[in-house]
Amino acid sequence: MAEVILRNVCKLFGKVPVVRDFSLNIADGEFLVLVGPSGCGKSTTLRLVAGLESLSSGEIYIGDRLVNDIHPRDRDIAMVFQNYALYPQMTVYDNMAFSLKMRKVPKREIDQAIRRTSELLRIDQLLDRKPGQLSGGQRQRVALGRSIIRNPHVFLFDEPLSNLDAKLRIAMRAELLELHQRLMTTAIYVTHDQLEAMTMGDRIVVMNEGVIQQVDHPETVYDHPVNLFVAGFIGSPSMNFLDCRILQNGDSLCAATDGLRLKIPAGKQARVQSYVGRDAVLGIRPEHIGLASDPARCDCLAGFTAVVRVVESAGSEKIVHARVEDHSLVARLDPHTRLKTGETVEFAVRMETVHIFDKVTGQTLM
Amino acid sequence: MDNMAPSKKAGFQKERERFGYAMVSPSMVFLIAVTTLPLVSLLAMSFFRIDLTSPMDNGWAGVENYTEIIKDHRFWHSMRLTAVYTTVTVVLQVMIGLALAMAFFRGFRGQGAMRVSVLLPMILAPVVVGLSWRTLILTPEYGILDYLSILMGFGSKPWLVHPSWALVSVILIHTWQWTPFAFLVFLASLNAMPLEPLEAALLDTRNSWQRFRFVILPMIRPAVYIVIIIRTMVALRAFAAIFSATGGGPGTATEILNLYAYRVSFNSLNLGYGAALGTLLLLLTVGISMVFFRMRKAN
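Residue numbers (our numbering), protein chains in the order written: chain A, 1 to 366; chain B, 1 to 299.
FYI, nobody ran anything at the bench for these hints, they're computed from the structure. Some hints here could point you the wrong way.
[Stated by the list, open to error] If you only want the chain B side, here are some residues facing chain A, beta carbon under 7 Å, derived:
| # | residue |
| --- | --- |
| 1 | Arg106 |
| 2 | Glu196 |
| 3 | Pro197 |
| 4 | Glu199 |
| 5 | Ala200 |
| 6 | Leu202 |
| 7 | Leu203 |
| 8 | Asp204 |
| 9 | Thr205 |
| 10 | Gln210 |
| 11 | Pro218 |
Glycine included, each C-beta is placed from N, C-alpha and C at the ideal position.
With the rest of the complex left out, here is chain A (with noise of 0.2 Å):
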């Protein structure tokens, strides 16, 4: 067990930056997640941590020991890979036994450590088998197990869920939670999938064109986003966002734009009072849209009118594109909702959930 120090990290592949002033601490026993589009930088930052690829300036720390110039087979982790890594001319006990072989483990104390692993992993019926005859999941389990049996400071997660179906993903998310829950061990999870980030990190890491954007727990980066960035990249269906005017009316602020006049609730004005007469980005989560007719109301509602589009039945809820004037709106609504295409409708936004942005920068006002 150790934690995991990166401070002032970067990696340019030639001239090109890819990673950028990369500083985290990771604590001893956390599942930290990095998260971002593809590009972003984040499987560059995990190899980094593995040592397949060399620093070009900063440092990396895992336990106290500075990593820069550690070969990583000396590292003491245990990498998983995208598409499983396995040795394809070896069985799967050979594959698990591999590295303690290396290591001159006796040979008694490599088939227990199998043994122990493979019924953790219910894999024990295929020690015989090799990679080629098991299923997708069935390579992810050897894979994990293949890492867990070394017992290693840090476990790092290079995609390993993004080759399997939807069904066994959502079911291998949980077991590697559960593994987690049960050794401990500090952890570093790389996805491009917001929800498996969500879903799995005790913290998440943010990342766009190599830069971290947000480091926090998931609920506060869905709730909070700092930027135009996580906002938009974290949720799905993705924030709304609305190119819209801060506006003086009488005593109260509102967000302008063509067709639509939300007002800003009197708690938040404050924040955004130096933006009046400035242009600002809305940020509206689909779920903060709700019909104007629905009874759970509260006092901070703004309504609008707009044309139902399309209406997108998802069994839990239903998916409603709505648009006003320019602007296209997605919102999330109570599945037995009844809505028809080409319907004018009223809806109402919670505006103390909205989010307002600055246009330039895309920092978070409120």
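Got chain A; can you put chain B on it based on the hints?
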């Protein structure tokens, strides 16, 4: 629909088939003329006495040529040479080719130019290779290799004139020319390996040798088999380079089976006996490759 027999082909299918046969027939005729016919005539000749130095005795000989071969010391000598020549050249090609491929696989500065120079020998005609080694490389004192040998204090060596050295020389020549083939196959095979197991091995193994021995080598094993099979088949019937470098000499020091068959046929003009030797070489090559292919499948 159900009264149509499934084996019956529709008119347009038959027409397509006829068209296909018509298209391949010229090359089929050509292939038969240059490969099958010579092979059949070789086999036929091996059952006749065809000695141009005493043509009056020519005629049907049955298996006489073959029974004679069994008693022929020069034949057994050539078989031993063939075995040594083939084994040593193939082993050297695989080992050096693999080492080179590993060096290039890891990548280094200027590897593009190096790769071309490594591949160059393969492009040359074997006759040219034999001749240039004989003149440019192995000539006493002036040849590069002999010059280097003198510089390094080993002294001038009788590269092509001493029986043992001549065998070493022809093995060197063959290895020099054909290692690039092994290199090319191994390099392609290394580059086709999935990257992730190699990275996993970086974490799992204790040193580079373990990584090579237990992870990389098993993954490119099919390529190693293919190289061994192809290079064995070629080495068994090597001819041009040896012919132009030593002509099988001195004496019979580099006279592998193929050269013996040639010398019997075209120097001694005993065509029937030569054909029998050629047939044996053919059977040997086919037999050994079949064994190798079996072994490869078993793996």
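Taking the hints in turn, this is what the structure says about them:
no., hint, in the structure
1, Arg106, "15 Å, violated"
2, Glu196, "3 Å, holds"
3, Pro197, "5 Å, holds"
4, Glu199, "5 Å, holds"
5, Ala200, "4 Å, holds"
6, Leu202, "5 Å, holds"
7, Leu203, "5 Å, holds"
8, Asp204, "4 Å, holds"
9, Thr205, "5 Å, holds"
10, Gln210, "5 Å, holds"
11, Pro218, "4 Å, holds"
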